[in-house]
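Residue numbers (our numbering), protein chains in the order written: chain A, 3 to 279; chain B, 3 to 279; chain C, 3 to 279.
No lab work stands behind these hints: they were computed from the structure.
All C-beta atoms, glycine included, are put in the ideal place defined by N, C-alpha and C.
Don't take each hint at face value.
[Unchecked claim] In silico SDA-like links for lysine to any residue, alpha-carbon gap of 25 Å or less:
#1 C:Lys-128 x C:Pro-69
#2 B:Lys-128 x A:Pro-72
#3 A:Lys-128 x A:Ala-178
#4 B:Lys-128 x A:Ser-162
#5 C:Lys-128 x C:Arg-89
#6 A:Lys-128 x C:Phe-242
#7 B:Lys-128 x B:Gly-154
#8 A:Lys-128 x C:Asp-171
#9 C:Lys-128 x B:Pro-41
#10 A:Lys-128 x A:Pro-72
#11 B:Lys-128 x B:Trp-203
#12 C:Lys-128 x B:Pro-69
#13 C:Lys-128 x B:Ser-229
#14 B:Lys-128 x A:Arg-159
#15 C:Lys-128 x B:Arg-228
#16 B:Lys-128 x A:Gln-73
#17 A:Lys-128 x C:Arg-89
#18 A:Lys-128 x C:Lys-128
#19 B:Lys-128 x A:Leu-245
#20 C:Lys-128 x B:Gln-73
#21 A:Lys-128 x C:Gln-73
#22 B:Lys-128 x A:Asp-246
#23 A:Lys-128 x C:Ser-87
#24 C:Lys-128 x B:Gly-154
#25 A:Lys-128 x C:Asp-246
#26 C:Lys-128 x B:Gly-158
#27 A:Lys-128 x C:Ser-229
#28 B:Lys-128 x B:Pro-69
[To be verified] Some but not every residue of chain A turned toward chain B, in silico, with C-beta under 7 Å:
#29 Ser-49
#30 Ile-63
#31 Pro-133
#32 Ser-135
#33 Phe-169
#34 Ile-176
#35 Trp-182
#36 Arg-220
[Unchecked claim] Quick list of simulated restraints, FRET-style, between CB atoms:
#37 B:Ser-229 x C:Arg-275: 21 to 31 Å
#38 B:Pro-133 x C:Val-155: 24 to 34 Å
#39 C:Val-155 x B:Pro-156: 32 to 42 Å
#40 C:Arg-274 x A:Pro-127: 54 to 64 Å
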Amino acid sequence: MIPAVRRARSRQIITLTTDFGDRDWFVASMKGVIHSIAPGCEIVDVSHQIAPGDVRAASFILAAAAPCFPQGTIHVGVVDPGVGSARQAIAIETGRGIYVGPNNGIFTHVMAAEGLEQAVRLDRPKYFRRPVSSTFHGRDVFAPLAAQLAHGVPLGRLGSVEGEILFLDQTTPIRADSGWRCRILYVDRFGNAITEISRGWLGSHRMRASDLEVRVGRRVVRGLARSYAEGSASELFAIFNSLDLLELSVRGGNAARRFGLRVGQEVLVRPRRGGAA
Amino acid sequence: MIPAVRRARSRQIITLTTDFGDRDWFVASMKGVIHSIAPGCEIVDVSHQIAPGDVRAASFILAAAAPCFPQGTIHVGVVDPGVGSARQAIAIETGRGIYVGPNNGIFTHVMAAEGLEQAVRLDRPKYFRRPVSSTFHGRDVFAPLAAQLAHGVPLGRLGSVEGEILFLDQTTPIRADSGWRCRILYVDRFGNAITEISRGWLGSHRMRASDLEVRVGRRVVRGLARSYAEGSASELFAIFNSLDLLELSVRGGNAARRFGLRVGQEVLVRPRRGGAA
Amino acid sequence: MIPAVRRARSRQIITLTTDFGDRDWFVASMKGVIHSIAPGCEIVDVSHQIAPGDVRAASFILAAAAPCFPQGTIHVGVVDPGVGSARQAIAIETGRGIYVGPNNGIFTHVMAAEGLEQAVRLDRPKYFRRPVSSTFHGRDVFAPLAAQLAHGVPLGRLGSVEGEILFLDQTTPIRADSGWRCRILYVDRFGNAITEISRGWLGSHRMRASDLEVRVGRRVVRGLARSYAEGSASELFAIFNSLDLLELSVRGGNAARRFGLRVGQEVLVRPRRGGAA
């Protein structure tokens, strides 16, 4: 029934992560510019629903999605409250792909995960769209530059070496009482509250996942569920999510809304009393 | 003015229907995985705005969209509250396409419309993404399997024959008083309330559309509008919609909100007194 | 690190602008129809989040996005409260592309910007999807016609010459007191309130942007910011946006929400007292 397979040639992928929403013309304008310069490339939306100006959320989301894309993918990130000011435009090459956007920390999580091979300040107006507005560099600077890359222009030709890359402050768990204090990094659409505790961190601090006790506000969560279906539908439970980060959840409900969890909130993690082997 | 036509080769289409929303990285992760395995295939979003866990709405929406796609399209449906539990992953081949997702009833409406030629339990981890998380099979199981199919792997190679396919309960109109009791199946973004009464069902029960009387709550609707523009802007009216299902609407407004209609609500349909010829 | 560039052939682009939202099957149905008729073409979403029936917003958004797309792009606009009534379907060729949709004014802004070379009434049912519903011409009329165009059918073959094109009323600034009265045309997702005052209009009325005084409600804004970053975070400021239209904004906030601005609201623009050179 299924027709003979049609194998198409692979196409250069460009992803977009912005706070432009999906109601106005902003995202389509970027796509039109890209298709005009690099016809035949494949554009994939990561998210356009970042809260306006939330560079931190954009950085987290982009780093969560990027590892799933083919080697050499070009990722454009535009959450850019400083558009039109002195902030620079940059492109960063990691071991996995190229990232194009404002030099405002939006690639912090990606660089932490993938390393940094090369950074270029995108300061050559001949590669921009003319005229360059002072309010929409997504269309006038970042889209054309990403498309030039997709079209084969080498990264190094698009600008000069950038020495000062801006990073967001990243919190790490800190020793406290009998455990570690960490934070909620992100709350997803299902209401799962994601912390900065990774499976690897836990291992390197000689804690066993199954022995964890997690405190958030006045609630205490003991042990770990192995799947959402196994967790409680009435009480908060902890689980390692698909990014291998410790997450607080409730089955069939929105944990953040039900238990009042929010980004930045403090979470205390420690081995259960008498727990560890 | 329009340049000479550029005819491109057709590409294998994969559609996605999920409850992942459009704010996080979930959908993009699936797309990255698909493009990594089957470069050159075409991914089309059906919906990612299914209410979390609403398998029934996903089944309805997917069956509404699927007939418009080319023969041989691969449809991925991931509304999967049982992810990581014992529920199986399946692929279903109908006379029209292949459907990949959890065996939780999400393909109920599609199988009712298109029949079933083959069902395969997707139990061969060699085709999964490694490691398989317990919380995101959209990325780790369903996307890679759909991509394998798009890349030419025959369905039968992805698993063993599945004998127990889970179906959602589907209500059908039941005889009552002088008519038939049915339900509101779906409310669309415009507030149109769609019932399970199809044009075909009406014919096979020897009722003429123009003679219908529809009762919902304390409201009575008589006759049928032929277009939204013809219907009332102040009172509820009935119309056969583009799926050939009887729908309750109000011109220029949101009928569900204005008249308090909701999914599952009972609707009574009967020939108008003295109506039928 | 980046693999050798893969240059793909360009593909015919079709854009979609509708009020169908992203939850139901409407948009996917159109895409399925297009891919069935014109496999290999590229579909780009402009917006599906137009408020139901808001033809004016659709016209504005489409005209804002269209200039970024390659010459010869086919744009489909479906905000169509008159679907199934006597309103005609049209296709309009401008100097830049082809626009397909209902003849209800949805291409007003595009024609104002790009001119009109040819208009065709799409009245040949052999090019429609069968059967044609009375409620979903996006799927049954506009998508198939756009796909025929993409597939190489000449515009003139799809219908007869249309002589009566419907335009929306467009306001222009009118002389008042010591200045000009104009309106807010659009409020974007960031809460920026866009007026009908363009940079060009200002020049042709011998006003200097830097000398402007803008009154909206009881607020008075003097001068112009050159970027969002330069504007005030507590008071309304004025700026020329990326469409070269005068816009009211507040840094890091939602100006429309904070200052109660809305589409259609009156704005008074005049040279600052003693301002103009």
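Hint by hint, here is what the structure shows:
no. : hint                              : result
1   : C:Lys-128 x C:Pro-69              : violated, 32 Å
2   : B:Lys-128 x A:Pro-72              : holds, 19 Å
3   : A:Lys-128 x A:Ala-178             : violated, 54 Å
4   : B:Lys-128 x A:Ser-162             : violated, 45 Å
5   : C:Lys-128 x C:Arg-89              : holds, 19 Å
6   : A:Lys-128 x C:Phe-242             : holds, 23 Å
7   : B:Lys-128 x B:Gly-154             : holds, 16 Å
8   : A:Lys-128 x C:Asp-171             : violated, 40 Å
9   : C:Lys-128 x B:Pro-41              : violated, 36 Å
10  : A:Lys-128 x A:Pro-72              : violated, 29 Å
11  : B:Lys-128 x B:Trp-203             : violated, 46 Å
12  : C:Lys-128 x B:Pro-69              : holds, 20 Å
13  : C:Lys-128 x B:Ser-229             : holds, 21 Å
14  : B:Lys-128 x A:Arg-159             : violated, 42 Å
15  : C:Lys-128 x B:Arg-228             : holds, 22 Å
16  : B:Lys-128 x A:Gln-73              : holds, 21 Å
17  : A:Lys-128 x C:Arg-89              : violated, 47 Å
18  : A:Lys-128 x C:Lys-128             : violated, 48 Å
19  : B:Lys-128 x A:Leu-245             : holds, 21 Å
20  : C:Lys-128 x B:Gln-73              : holds, 21 Å
21  : A:Lys-128 x C:Gln-73              : holds, 21 Å
22  : B:Lys-128 x A:Asp-246             : holds, 21 Å
23  : A:Lys-128 x C:Ser-87              : violated, 51 Å
24  : C:Lys-128 x B:Gly-154             : violated, 35 Å
25  : A:Lys-128 x C:Asp-246             : holds, 21 Å
26  : C:Lys-128 x B:Gly-158             : violated, 40 Å
27  : A:Lys-128 x C:Ser-229             : holds, 21 Å
28  : B:Lys-128 x B:Pro-69              : violated, 32 Å
29  : Ser-49                            : holds, 6 Å
30  : Ile-63                            : holds, 5 Å
31  : Pro-133                           : violated, 25 Å
32  : Ser-135                           : violated, 26 Å
33  : Phe-169                           : violated, 20 Å
34  : Ile-176                           : violated, 27 Å
35  : Trp-182                           : violated, 23 Å
36  : Arg-220                           : violated, 26 Å
37  : B:Ser-229 x C:Arg-275: 21 to 31 Å : violated, 56 Å
38  : B:Pro-133 x C:Val-155: 24 to 34 Å : violated, 50 Å
39  : C:Val-155 x B:Pro-156: 32 to 42 Å : holds, 36 Å
40  : C:Arg-274 x A:Pro-127: 54 to 64 Å : violated, 32 Å
Checked against the numbered hints above, the structure breaks hints 1, 3, 4, 8, 9, 10, 11, 14, 17, 18, 23, 24, 26, 28, 31, 32, 33, 34, 35, 36, 37, 38 and 40 and satisfies the rest.
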